[in-house]
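Student: Go ahead and model the full structure; you've got the sequences and the hints to work with.
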Amino acid sequence: MRNVYSVGQVNRYVKNMFTQDFFLRKLYVKGEVSNCKYHTSGHIYFSLKDETGTLSCVMFAGQRRGLAFSMKNGDRVVAGGTVDVYERDGKYQFYAREITLEGAGALYERYLRLKQELEEMGMFAPEYKKPIPAYVRRLGVVTAPTGAAIQDIRNVVSRRNPYVQIILCPALVQGEGAAKSVARGIRMLDEAGVDVMIVGRGGGSIEDLWAFNEEQVARAVFECRTPIISAVGHETDFTITDFVADLRAPTPSAAAELAVADVRNIMEGLSSLQERLSRAMSGKTQLARTRLAAYQTRLRYLSPQSRLRENRQAHADLTDRIQGAMEQKVRDHRQVLRVYLERFGGLSPLRKLNQGYSYVADEEGHCVTRVDQVRPGESLYISVTDGTIEAKVCRIRREDRGND
2 MRNVYSVGQV NRYVKNMFTQ DFFLRKLYVK GEVSNCKYHT SGHIYFSLKD ETGTLSCVMF
62 AGQRRGLAFS MKNGDRVVAG GTVDVYERDG KYQFYAREIT LEGAGALYER YLRLKQELEE
122 MGMFAPEYKK PIPAYVRRLG VVTAPTGAAI QDIRNVVSRR NPYVQIILCP ALVQGEGAAK
182 SVARGIRMLD EAGVDVMIVG RGGGSIEDLW AFNEEQVARA VFECRTPIIS AVGHETDFTI
242 TDFVADLRAP TPSAAAELAV ADVRNIMEGL SSLQERLSRA MSGKTQLART RLAAYQTRLR
302 YLSPQSRLRE NRQAHADLTD RIQGAMEQKV RDHRQVLRVY LERFGGLSPL RKLNQGYSYV
362 ADEEGHCVTR VDQVRPGESL YISVTDGTIE AKVCRIRRED RGND
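Numbered according to this note's numbering, the sequence shown spans residues 2 to 405.
By construction, these hints were calculated from the structure, which means they are not laboratory data.
Wrong hints could be hidden among the right ones.
Stated by the list, open to error - EDC-like mimics (lysine to aspartate or glutamate), calculated; alpha carbons at most 16 Å apart, straight line:
1. K130 / E224
2. K393 / E365
3. K130 / D247
4. K130 / E120
5. K73 / D90
6. K131 / E52
7. K131 / D247
8. K330 / E311
9. K27 / D85
10. K131 / E224
11. K16 / D85
12. K31 / E99
13. K38 / D76
14. K181 / E215
15. K16 / E88
16. K31 / E103
17. K31 / D76
18. K50 / E103
19. K131 / E88
20. K116 / E215
21. K16 / D90
22. K181 / E120
23. K285 / E269
24. K31 / E52
25. K73 / E103
26. K27 / E99
27. K116 / E269
28. K116 / E99
29. K393 / E364
30. K181 / E216
31. K50 / E33
32. K393 / D363
33. K50 / D76
34. K73 / D22
To be verified - Just the calculated beta-carbon pair ranges, DEER-fashion:
35. G91 / H40: 20 to 28 Å
36. T53 / R3: 58 to 66 Å
37. F70 / V15: 28 to 36 Å
38. G194 / H40: 45 to 53 Å
39. G194 / Y96: 23 to 31 Å
40. T53 / Y129: 43 to 51 Å
These figures come from a predicted structure and were not determined experimentally.
Ideal Cβ placement from N, Cα and C applies to all residues, glycine included.
Tutor: As structure tokens, this is what we get:
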């Protein structure tokens, strides 16, 4: 009896065979690029061909870091990756993770190995990145003294801020001894105390830029106390120095722009801040004047001098009222006194004496009002208006006045 399988089962079986083949999991294929197409999704579809055949290839957008140049038809490259089966179409293709131009393959392998080793050591970690100062006075540059890089840096710095001092430490940037020269320049400028440092050169092949992929340069950058901007090659060139440095610039000119603030922008910013400060101070001054005027008004109303004047006026008013009240009281009492004097005047003995009456007293000074109070022969004292008359009782005559 025959075994019948579906297309999917066959494709899955073949895929499993490819997956289990260790040789196909990681291999490098060289050939000429053809049918190269950059998709809008970021994926790159192309073919590798030689005189014997063609291999379909794809590099996904997530692997684009493994491509350090702009690939085009006709390039002879070495691609590293995996061969696998695409089940839907039932065909196999090469999934590229890294692509280098042919001839640079061995160097690129060294580059990837060192890059992975240093990354595992933590030399690319963001927590070790030092911030670039906003305003620098001394800019250190490690590059070739006669290359285009230093000229570009000088032009940009003189245009943005001519007051910045550029300290160049000449170094070999290519060939034998270049890595040692660059590392020495970094250490010398670090000891010189510059504010920020640019390390780089113009573009070139992987062989030309190889000094900036050496471990000794990477360690010099990592151990440097001064913030470093890496400016090696063109925008598409990536070196290990780029990953270790505190900041990467695509070109030396861009590095100078990142390192040096534009003095015109600074002056415009200062002018704007001055205007804002002037407006703010004017507003504050006007507000303070308004408050001061209000305080002066309140002070005039609540000042001790004003309160004293008010109290003095109130005291004077009270004094006048008290004095008027006292005078009225005196007048009232004088009137009552006059009434009493009139009443007492009517009862005065002197007035009675003046009317012809007299006051009779015995020898002991007792008032005599009845005849039985005296006896014949006793002396009597009769008080009249102008003196006292002494008399003797000769005889007593009693009169009966009835009930009067």
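Student: So, for every hint listed, does it hold in this structure?
Tutor: Status of the hints after comparison with the structure:
no.	hint	verdict
1	K130 / E224	holds, 11 Å
2	K393 / E365	holds, 14 Å
3	K130 / D247	holds, 5 Å
4	K130 / E120	holds, 14 Å
5	K73 / D90	violated, 26 Å
6	K131 / E52	violated, 52 Å
7	K131 / D247	holds, 6 Å
8	K330 / E311	violated, 28 Å
9	K27 / D85	holds, 11 Å
10	K131 / E224	holds, 11 Å
11	K16 / D85	holds, 7 Å
12	K31 / E99	holds, 12 Å
13	K38 / D76	holds, 13 Å
14	K181 / E215	holds, 9 Å
15	K16 / E88	holds, 7 Å
16	K31 / E103	holds, 7 Å
17	K31 / D76	holds, 10 Å
18	K50 / E103	holds, 13 Å
19	K131 / E88	violated, 48 Å
20	K116 / E215	holds, 10 Å
21	K16 / D90	holds, 12 Å
22	K181 / E120	violated, 22 Å
23	K285 / E269	violated, 24 Å
24	K31 / E52	holds, 12 Å
25	K73 / E103	holds, 13 Å
26	K27 / E99	holds, 11 Å
27	K116 / E269	violated, 43 Å
28	K116 / E99	holds, 13 Å
29	K393 / E364	holds, 10 Å
30	K181 / E216	holds, 10 Å
31	K50 / E33	holds, 5 Å
32	K393 / D363	holds, 10 Å
33	K50 / D76	holds, 11 Å
34	K73 / D22	violated, 31 Å
35	G91 / H40: 20 to 28 Å	holds, 22 Å
36	T53 / R3: 58 to 66 Å	violated, 36 Å
37	F70 / V15: 28 to 36 Å	holds, 34 Å
38	G194 / H40: 45 to 53 Å	holds, 50 Å
39	G194 / Y96: 23 to 31 Å	violated, 50 Å
40	T53 / Y129: 43 to 51 Å	holds, 49 Å
The earlier numbered hints that this structure contradicts are 5, 6, 8, 19, 22, 23, 27, 34, 36 and 39.
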